[in-house]
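Chemist: Order-wise, the sequence lines are chains D and C. Per this note's numbering, residue 9 is the first one in the first sequence, and the count goes up by one each step. Per this note's numbering, residue 315 is the first one in the second sequence, and the count goes up by one each step.
Hint data in this document are derived by calculation from the structure and do not stem from the laboratory. There may be inaccurate statements among the hints.
A few chain D residues that face chain C, going by a derived Cβ cut-off under 8 Å, partial list only [unchecked claim]:
hint: 1; residue: 105
hint: 2; residue: 131
hint: 3; residue: 293
Using N, Cα and C, we set each Cβ at its ideal position, and we do this for glycine too.
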Amino acid sequence: MTEDIAIKVDNLSKIFRLPHEKNSSLKSVAVNFYRRNKGYDLQKALENVSFEVHRGEFFGIVGRNGSGKSTLLKLLAGIYSPTSGGIQVNGSLTPFIELGVGFNMELTGRENVFLNGALLGFSRKEMTAMYDSIVEFAELEKFMDQKLKNYSSGMQVRLAFSIAIRARSDILLIDEVLAVGDANFQKKCTNQFVQIKSQGVTVVFVSHDMSMVERFCDRAVLINNGKVITIGKSSEVAREYEDFNLEQAKNNRGKKKGEQNTGNSGSLGNNAAKISCEIADKNGKAVNTIGSNESVTIKVKVDAISSFRNAILSFTLENVNGQTIFAGSTKDKKMSTFSLNKGQSKDFVLNIQNIFGEGEYIYDVEVATANRETIFGHVDNAAEVDINVYEPNGWLMRPSYEVVER
Amino acid sequence: MFKRIFSKRNRVLLAELVRTDFKLRYQGSVLGYVWSLLRPLLLFTILYLVFIKFLKVNYDVPHSAVYLLVGIVLWNFFLELTAGSIGSIVGRGDLIRKIRIPRWLIVLSSSLSAVISLFLNFIVIAVFMVLNHVAVTLNILQFPLVILELYLFGFGIALFLSAAFVKYRDVTYIWEVSCQALFYLTPLLYPVAKLHWPIVKEILFSSPLSQTIQAARYALVTNHTYTIAQAFHNDWLMGLPYVITAAVFIIGILYFRKKSKSFAEDI
Numbered sequence: 009m010t011e012d013i014a015i016k017v018d019n020l021s022k023i024f025r026l027p028h029e030k031n032s033s034l035k036s037v038a039v040n041f042y043r044r045n046k047g048y049d050l051q052k053a054l055e056n057v058s059f060e061v062h063r064g065e066f067f068g069i070v071g072r073n074g075s076g077k078s079t080l081l082k083l084l085a086g087i088y089s090p091t092s093g094g095i096q097v098n099g100s101l102t103p104f105i106e107l108g109v110g111f112n113m114e115l116t117g118r119e120n121v122f123l124n125g126a127l128l129g130f131s132r133k134e135m136t137a138m139y140d141s142i143v144e145f146a147e148l149e150k151f152m153d154q155k156l157k158n159y160s161s162g163m164q165v166r167l168a169f170s171i172a173i174r175a176r177s178d179i180l181l182i183d184e185v186l187a188v189g190d191a192n193f194q195k196k197c198t199n200q201f202v203q204i205k206s207q208g209v210t211v212v213f214v215s216h217d218m219s220m221v222e223r224f225c226d227r228a229v230l231i232n233n234g235k236v237i238t239i240g241k242s243s244e245v246a247r248e249y250e251d252f253n254l255e256q257a258k259n260n261r262g263k264k265k266g267e268q269n270t271g272n273s274g275s276l277g278n279n280a281a282k283i284s285c286e287i288a289d290k291n292g293k294a295v296n297t298i299g300s301n302e303s304v305t306i307k308v309k310v311d312a313i314s315s316f317r318n319a320i321l322s323f324t325l326e327n328v329n330g331q332t333i334f335a336g337s338t339k340d341k342k343m344s345t346f347s348l349n350k351g352q353s354k355d356f357v358l359n360i361q362n363i364f365g366e367g368e369y370i371y372d373v374e375v376a377t378a379n380r381e382t383i384f385g386h387v388d389n390a391a392e393v394d395i396n397v398y399e400p401n402g403w404l405m406r407p408s409y410e411v412v413e414r
Numbered sequence: 315m316f317k318r319i320f321s322k323r324n325r326v327l328l329a330e331l332v333r334t335d336f337k338l339r340y341q342g343s344v345l346g347y348v349w350s351l352l353r354p355l356l357l358f359t360i361l362y363l364v365f366i367k368f369l370k371v372n373y374d375v376p377h378s379a380v381y382l383l384v385g386i387v388l389w390n391f392f393l394e395l396t397a398g399s400i401g402s403i404v405g406r407g408d409l410i411r412k413i414r415i416p417r418w419l420i421v422l423s424s425s426l427s428a429v430i431s432l433f434l435n436f437i438v439i440a441v442f443m444v445l446n447h448v449a450v451t452l453n454i455l456q457f458p459l460v461i462l463e464l465y466l467f468g469f470g471i472a473l474f475l476s477a478a479f480v481k482y483r484d485v486t487y488i489w490e491v492s493c494q495a496l497f498y499l500t501p502l503l504y505p506v507a508k509l510h511w512p513i514v515k516e517i518l519f520s521s522p523l524s525q526t527i528q529a530a531r532y533a534l535v536t537n538h539t540y541t542i543a544q545a546f547h548n549d550w551l552m553g554l555p556y557v558i559t560a561a562v563f564i565i566g567i568l569y570f571r572k573k574s575k576s577f578a579e580d581i
């Protein structure tokens with residue numbers, strides 16, 4: 009292995025054996041004991057995965073839930089042993105993949121700092137030396153003598169992160185750490201990332217958050233169903249991941265409703281209202297692609313299958329990662345509720361300022377009472393909007409902005 | 315190899331795990347650590363009243379109360395060492411699933427908790443020895459070796475049981491019953507000399523438990539007690555409990571090492 013390679017994964021496979029039946033009764037124990045070959049399913053969590061991580065590189069592992077990325081990370085950390093194939097690691101490796109491992113709820117914050125430090129290999133003396141700066145970074149000075157069970161989850165993560173960044177190893181493994189904590193603390197974390205990056209530490213980073221991956225990672229690998237789909241520059245992999253997700257979403261939708269893009273009817277709620285919707289261009293024609301300078305117009309038609317009263321119309325816009333980008337309703341707009349008798353219908357037009365980044369979006373539309381106690385009609389993944397931007401850059405938003413020189 | 319086993323990281327971690335174990339053990343109890351002393355003391359009081367005061371069992375030894383106490387303390391140590399470690403791996407599943415640490419460190423830390431309790435109990439024994447005017451002889455030098463043997467025997471079992479428990483939760487129940495049997499297979503409450511057939515004595519003293527406990531009584535309390543030297547009349551057979559101890563220890567380590575590879579998935 010050459011010097012500039014930190015991790016080399018070679019044809020790595022991991023197969024889990026999942027037993028069919030649990031030996032829950034004495035009889036089945038006896039029967040299985042004599043039969044000897046117990047039935048079990050083989051689950052291929054990873055299949056022939058190969059890649060190299062260079063020294064000093066920020067390397068991302070991306071993939072959907074259940075794609076095998078956490079298994080991969082656990083194999084890298086040495087928590088699982090591979091079924092076949094090999095992993096070579098050049099340098100010391102952090103032994104943990106998650107924050108706050110080994111935290112004990114019954115111990116105080118202070119005691120947990122020392123316990124967690126020991127898991128990183130720090131002696132009590134070393135921990136005492138850096139204790140104050142850990143507490144200061146976590147902003148928990150007042151809480152250190154309280155038991156951890158009285159901490160909020162955000163506080164726990166802050167404490168864990170503050171300890172974890174003390175780890176002095178050549179290679180860091182990080183699994184979705186920044187999901188918790190307020191914006192302020194997240195900013196501190198990202199600053200820390202920048203610092204780590206400048207120190208030449210090799211980082212392997214597992215995340216769903218493509219903006220984080222694009223921002224920090226030099227390269228990334230996309231995994232699906234235990235197989236490597238692509239390895240390359242993080243921006244390319246992120247783009248591929250989004251395409252990949254969209255395809256999956258389309259397939260799911262296709263399966264569920266049999267048709268796409270032409271407006272759909274949903275099934276959540278009591279189906280008093282039938283909702284049909286479509287994206288329209290400025291001439292009112294149905295489209296599924298919108299240019300970056302056009303506003304997003306959604307035409308909604310509500311048909312009353314049976315009568316309902318005091319309804320509002322609401323919608324949400326999601327990106328392909330399932331994150332809600334934006335939501336709105338007739339209630340937010342201080343519009344009065346509407347009532348329809350059986351057979352009547354009502355049209356709405358939603359106009360949304362188009363400041364969205366390039367990509368594909370999915371919207372939901374719902375007709376319900378103002379408190380959502382009764383849902384008259386709901387369309388899930390109603391259709392997709394494809395927003396084209398001339399210079400794609402992976403940003404989530406394109407708000408207009410000005411710079412004033414003085 | 316020793317350098318790797320006792321690396322700084324392992325030592326630091328072990329110390330911290332033992333500290334945590336001990337801290338948590340008596341959390342929420344009013345008397346706290348005092349229970350480590352009080353528990354064997356109360357048990358001893360009961361057995362003392364039943365066997366020495368009421369049943370008037372004749373142990374044929376001087377200082378029979380201390381004699382009884384030493385047996386109880388060592389038996390409790392063995393019990394805590396084995397039964398107390400069965401769940402150690404599963405109980406620390408959070409660590410095992412998410413961090414790479416030597417798995418045996420967890421069993422070792424839980425076994426060291428038993429050792430700490432044992433040392434606290436030594437204080438109780440020492441007090442009773444003074445109160446009973448037990449004469450300390452040079453035999454006491456054997457005592458640490460006896461304890462070491464008992465520890466290795468118990469730790470081997472602990473490794474085996476804790477690894478087996480990951481897949482087979484029946485282990486607790488099996489061990490519970492086995493301990494009941496071992497309790498009577500060990501001359502804790504009855505005088506060995508009263509057993510009739512020599513073969514029974516030989517079986518009894520093949521067990522490292524009987525051998526160590528009698529040896530400990532010999533070392534601490536009185537050289538009038540019955541030890542392995544009287545049970546076997548063949549020097550080779552006298553090695554049996556030591557061989558068993560070594561075998562249990564090695565099998566424990568090997569089995570644990572084999573199974574520990576898949577702990578993270580099996581828990």
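Chemist: Against the earlier hints, flag every one the structure doesn't satisfy and list their numbers going up.
Modeler: 3
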